[in-house]
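Since chain Z is already given, all that's left is putting chain G on it; use the hints.
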Amino acid sequence: MSGFSIYLIFFLIIALNYGIMGLGLNLQWGYTGLFNAGVVGFYAIGAYGAAILVGPDRDYLIGGFDLPWPVAILGGMALAALAALIVGLATLRLREEYLAIATFGIALSLQLVALNFESLTGGANGLVGLPRPLFHLFEDSTTYNLFFLGLVIVILGIVWFGLELAVRSPWGRLLRAVREDESAARSLGKNITLIRLQVFVLGCSLIGLSGGLYVAFIGFVSPTDFLPLLTFQVWAMLIVGGSGNNAGAVLGAVVVWALWTMSGLAISRVAPVELQSQAGAIQVMLIGLLIVAMLIFRPRGLIGEKTGGS
Amino acid sequence: MKKTLLALALSVSALMFGAHNAAAQDCEINVGSVLSITGSMAAIGSSIGNAAALAVDHFNEAGGVAGCKVNFVLRDDQGTPNVGVDAAKTLVEIEKAPLLLGAIQSGISLPILTSVSVPSKVTQISCCSSAPSFTALSEEGGTDGYFFRTLPTDKPQAVVLASIAAQKGYKRIAIIYVNSDYGNSLAKNFQEAAEGMGVEVVNSVAYNQEQASYRAEVNAALQGDPDSLFLVAFPADGATAAREWISFGGSQNMLLSNALRADEFVESVGAKFLTKALGIDNAQTEGDSVEAFNAAWKEKYGEDPNGPGLHVMYDAAAVGLLAMEQAGKPDGTAIRDEVRKVTGGDGEIVFPGVDGFKQAKALIADGKAVKYVGATGPITFDANGDVTGPYLIWGVSEDGELTVEDKWDMTRVSELMAKTEK
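Residue numbers (this note's numbering), protein chains in the order written: chain Z, 1 to 310; chain G, 1 to 422.
Be careful, since some hints might not be right.
As the list claims (entries may be wrong) - Which chain G residues stay away from chain Z? Per the calculated CB distances, all over 10 Å, these:
{"no.": "1", "residue": "ASP263"}
{"no.": "2", "residue": "GLU401"}
{"no.": "3", "residue": "ASP406"}
{"no.": "4", "residue": "GLU415"}
{"no.": "5", "residue": "ALA418"}
What the hints assert, rightly or not - Here are some of the chain Z residues that sit facing chain G, going by a computed Cβ distance under 8 Å:
{"no.": "6", "residue": "PHE11"}
{"no.": "7", "residue": "SER222"}
{"no.": "8", "residue": "THR261"}
These are calculated hints, taken from the structure and not from any lab test.
Cβ atoms here follow ideal geometry from the backbone N, Cα and C, with glycine treated the same way.
Extracted from the complex, chain Z is given alone in its bound form (with noise of 0.2 Å):
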């Protein structure tokens, strides 16, 4: 196999982990309005829940459970799911802009909670020597990734054909009335607030689900995995792809990922070592302006929703 194609696979991986992400924040934003600017925080609650689950036991450590990764990982996105519930009921009240303050201000928090809680999260050190699922059965990495691509693919399908599903039912045509008009949907006898909660603690434990597979996937976690900035990727992800879509949302992950790391490796390609020190902030304005210039071309995102109803 040729060194692309087994990065192709590396690449693909992450891009899709990350689609399985802009899927439950399409569902919160897309489908219903809802505007989550923590996603980094539930990320990260998916991410250590699953890494505590499954870690090896430590002394210094009050984790460390050894358990299967299933386990794990749906456990993750129930301390997830529980998270978003809390916030959710404390929030969701709050209309959209004053939703997005709360929820950026809970993922900062979480973050830091992350790296004080040391006994808990092992601190900025973060938690080191995870097992990967099923690692020994392959003889390299390769084989090995490629295996790890399939179990993402299949749980994407199973992510995708669920809320498929789901925005199509009348209860998916109830989160695009709360979208749209409120007022109107309250007037017609729905609980808003339980619809948005629903939607809340859903969407995020699908952000958790991709949390947990980062984590079985880099086997490691540690606190510099949960910047802001990832909130901001997942976003322009959406955006792009185009919200209100879930094939916009896998394709965006895809394409803003595709630019975010290979406009790194077509500029290492053919900029002279001697430029290689200043390449680094080529590369970040070079992103920002595909990103304006995809949406100047395609403001509804590469592949929008679908007007006219269903």
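Leaving out everything else, chain G in the frame of chain Z:
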């Protein structure tokens, strides 16, 4: 629109996969590096990259490595692990680099190690990641020996400082430390060592980076009337904390961590408050091998190599490339196995620079042993890929100059360590 997109995609892929073919020679080896050129460590990332590039240039001038020309390929991690891991994977798979240098932050080096270097059997040498997690992971067998770092670990540094606190007669010391892997482990090791030497640690307070004020932390540290302070910080935040410490009546008996050895720190605190302070640093400041590096740097970049990470990064690159020369092939596992052969042992000593590498290549060609003594002096990796280095104790003069007060060579450090282990 579709046509434009397609054309764009084609031209980008042409750039990515065509550019190198045109320049292809008989034989080239890529050496990859992942550093923070942008992001929170951007201020130091570029020049650290220059240090590695300098080592690669020296090898190319000396005739290449394993019979090939070496290309240095630097990638930016933007200060985030996900981008860094991806960059490392492209370096290993697409550029076929058998050797990765970096990253700066431990939170980026570690995921690169677990998800790229170890599975793909590539040797990774970091200049700057000081977290104890690498040692822990290695002891559990999680690194397969593929990880090395040229930066001395925190523990000896903490023990040396603790011995100074004891010798100075400090009885009750407070610690204020930056809440990062670096600060955490230095503070913890210091506390352990100090208490073993009869210095009571009355408070140990963490602070989070880039805040406007550290009054709350300083106040907490002042509780219990400490007679001295150990400050573990980076220059900007450290200056804020030190100023507040002094203005709240804290003692001027201060011990300072290595990252504070910067003119910036002294200027913003004020030299007159720092004359009683003592700091530590782990770069060897003199010796022929260090001079050789300093001179080569000045010749290339026109200034003295002042700044964190330069000496250690040059050594990271030099050790990796010498090991590759010794192995005779660009293979990650072979490089891993030869690293200790070209650094420890009783081989003939070679220095940094073109002449040193020429000499090393000739010795290796004759089948003779080589011992690289680098920009940070002699380098001996232990079983976990960690090094113990010599230290210097620095102070600040009345007029704000950084002075060297004392030196700890490796024998003295090892003796002290052996004494405290008991």
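Hints versus structure:
1. ASP263: Check passes; 23 Å lies beyond 10 Å.
2. GLU401: At roughly 30 Å from the nearest Cβ of chain Z, GLU401 (chain G) sits farther out than 10 Å, so the non-interface label holds.
3. ASP406: At roughly 30 Å from the nearest Cβ of chain Z, ASP406 (chain G) sits farther out than 10 Å, so the non-interface label holds.
4. GLU415: The claim stands: GLU415 (chain G) keeps its Cβ more than 10 Å from every Cβ of chain Z (closest is about 29 Å).
5. ALA418: Check passes; 25 Å lies beyond 10 Å.
6. PHE11: Cβ of PHE11 (chain Z) sits 7 Å from chain G, so the hint holds.
7. SER222: Holds, about 4 Å.
8. THR261: 4 Å, holds
The earlier numbered hints are all upheld by this structure, with none contradicted.
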